[in-house]
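Undergrad: Letter by letter, the chains look like this.
Number of protein chains: 2
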Amino acid sequence: MYKIAVDVMSGEKKAEELIKGALKALAEEKELELTLIGEYDIISQELAKTDFDSNRLKIEKADQIITMDESPVKALRKKKNSTVNVGAKLLRKKEVEAFISPGNTGSVMAAGLLKVGRVKGVLRPPIAIQFPAINGSTLILDNGANTNCSPENLEQFALMGQLYAEKVMKIDNPRIALLNIGEEKTKGNKLTKASYELLNNNPKIKNFIGNVEGRDIFSEKVDIIVTDGFVGNIVLKTTEGAASFFLELIKDSFKTNLLSKLAAFILKPYLKKSLDKIDYRQYGGAPLLGVKGLVVISHGSSDSTAIYNAIKAAKKSIEENMVELIKSEFAKNEELE
Amino acid sequence: MYKIAVDVMSGEKKAEELIKGALKALAEEKELELTLIGEYDIISQELAKTDFDSNRLKIEKADQIITMDESPVKALRKKKNSTVNVGAKLLRKKEVEAFISPGNTGSVMAAGLLKVGRVKGVLRPPIAIQFPAINGSTLILDNGANTNCSPENLEQFALMGQLYAEKVMKIDNPRIALLNIGEEKTKGNKLTKASYELLNNNPKIKNFIGNVEGRDIFSEKVDIIVTDGFVGNIVLKTTEGAASFFLELIKDSFKTNLLSKLAAFILKPYLKKSLDKIDYRQYGGAPLLGVKGLVVISHGSSDSTAIYNAIKAAKKSIEENMVELIKSEFAKNEELE
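Note that the protein sequences, when read in sequence, are chains A and B. In this note's numbering, each residue carries its 1-based index in the first sequence increased by 6. In this note's numbering, each residue carries its 1-based index in the second sequence increased by 6.
Derived from the structure by calculation, the hints contain no laboratory data. Possibly wrong hints are sitting among the right ones.
In this list, chains with the same sequence are indistinguishable; a pair is considered to hold if it fits within one copy or across any two.
[Said to hold, decoys possible] Distance condition first, Cα-Cα at most 25 angstroms in a straight line; then the derived PhoX-like pairs of lysine-lysine:
1. LYS80 x LYS199
2. LYS279 x LYS257
3. LYS278 x LYS267
4. LYS257 x LYS227
5. LYS267 x LYS279
6. LYS193 x LYS80
7. LYS257 x LYS274
8. LYS80 x LYS196
9. LYS261 x LYS278
10. LYS85 x LYS193
11. LYS84 x LYS191
12. LYS191 x LYS80
13. LYS176 x LYS210
14. LYS283 x LYS267
15. LYS274 x LYS261
16. LYS95 x LYS121
Assemble the whole structure, with the sequences as input and the hints as a guide.
TA: What follows is the structure, given as structure tokens:
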């Protein structure tokens with residue numbers, strides 16, 4: 007059985023919507039055991055409306071929510087019975103193998119670090135996010151867990167990203183690159199110059215292809231890109247901003263007149279299909295790699311589709327033993343030292 | 007007379023195309039005097055094909071080109087008679103007031119710094135680029151001239167950006183922000199934390215609105231964003247990459263079948279109009295602010311429209327006395343110290 011806990015209360019969407027996604031995954035995946043975390047009454051009322059395999063579904067009470075604007079660490083300390091604290095506790099006690107939350111990103115991250123704990127040998131767990139690309143996707147680490155990074159941190163991001171890409175994303179011999187402002191190895195700031203050497207000389211990083219630039223994220227050139235959490239987070243938000251700005255422009259042009267509206271109506275289904283590729287909901291949330299349990303940070307605006315895909319992706323990570331693989335990767339490191 | 011030199015040889019497009027844009031600007035702007043830099047025969051052959059006011063147009067011979075993959079400083083030293091060296095020399099000798107080049111960005115920048123020289127008091131001249139935004143545009147500095155920056159550098163970028171936005175972009179009381187990974191003043195890395203204080207406490211920075219995130223670039227929230235050249239360059243390339251990826255997806259959906267092709271054909275003019283907003287060619291190149299002359303770095307793929315707009319923008323900067331304004335801004339600084 008794959009045991010996964012889902013925080014259905016602290017996202018921007020209602021519990022009802024998130025439970026719908028969870029139940030869909032439960033119905034499809036027969037070896038799944040779900041724990042829904044949140045207010046008992048709300049969840050049980052919602053469950054009463056529908057049929058599901060009650061042997062494989064539990065409710066875990068949590069009557070507090072950490073809001074999006076709260077200071078993560080303080081809120082975790084204060085709200086002992088928050089969904090995020092409860093989920094992290096289940097994970098630490100190994101009652102579940104994965105915990106998914108669409109809540110306050112900082113709080114989920116902090117709970118992962120402080121309550122679940124780092125894998126021995128991992129200096130700084132990164133947030134890994136799949137960015138859409140022309141053929142498939144590009145995994146970027148870190149997207150904001152670690153604002154100031156050392157070259158050794160980036161080296162570890164590459165190793166964890168490599169395992170995740172091979173096992174969960176099923177990419178053979180994934181190409182790993184360093185995000186930089188030019189392709190030459192002498193380009194960049196102090197961090198990228200020092201990291202280049204480490205990545206290039208580490209025999210365990212199998213397919214290091216050098217530096218890539220911002221535009222390569224969306225290309226076919228690379229599978230995994232490492233960068234510090236400051237730059238990664240800015241890249242993430244810039245991409246989100248550019249995409250919604252672009253979409254806004256397109257929509258504007260559609261509204262010009264009656265003819266354009268008609269043409270847009272015809273195009274809508276084709277356009278939708280094409281744009282599904284850049285829909286973050288397809289990618290099932292962002293794992294915080296390198297903690298002693300699978301912590302998945304979902305987008306705050308996650309709906310049933312996003313939660314459904316997050317559960318599927320978490321199941322895949324459990325199947326592939328991601329946490330154990332990272333443990334043994336870094337245990338080997340320890341031995342070498 | 008506004009005297010502007012244009013390098014018509016070292017871009018990706020042919021001289022013929024770039025000369026077309028220059029001549030269009032010359033015909034429109036009666037107080038413009040242009041110097042076209044490049045191979046004499048090529049330029050004069052092109053000019054022979056058309057009518058123009060020959061009293062206001064000169065050719066300046068330069069028979070070498072610095073290619074896109076050459077090391078900027080080495081190439082400048084080696085190729086004494088390159089378009090970029092020749093242009094920088096004209097500017098230094100005050101034979102022209104502005105020099106525009108679509109060539110190797112690093113070489114144009116280095117020529118600006120080394121041959122034209124920094125304004126007294128300016129530590130690091132930044133590249134300023136206008137990013138399209140939902141209502142107008144957002145000026146970002148620096149976009150790649152300075153990989154490693156100090157808080158004092160960012161403070162100066164804000165002051166120069168403020169002058170440029172007020173005078174050339176004609177924005178009243180422009181809102182200035184720091185690019186960061188969250189809005190709270192305690193967010194970010196060492197550079198942003200220290201820069202926040204400087205920007206916030208400098209009375210000459212009139213409208214500092216705090217931190218903004220990557221997605222705000224394209225919004226109505228802010229007019230000027232300062233960041234170090236490493237992050238700025240990654241933001242620039244990520245935006246370019248996201249835009250062309252998005253466009254690719256849209257085009258794909260249009261090609262689905264006969265019906266979608268027909269609808270797309272109808273929509274094309276409206277879509278084009280809407281997407282003109284994100285066309286870099288509208289923004290007339292990127293000035294390297296803080297050097298003793300107006301150096302404008304144009305996109306490598308600049309065509310006649312891009313060159314035409316770059317000339318118009320350069321003329322505006324000359325009219326507004328940008329270089330002198332920056333000089334007196336930083337001269338005042340010197341006195342205060």
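Undergrad: Honestly, which of those hints from before does the structure not fit?
TA: none
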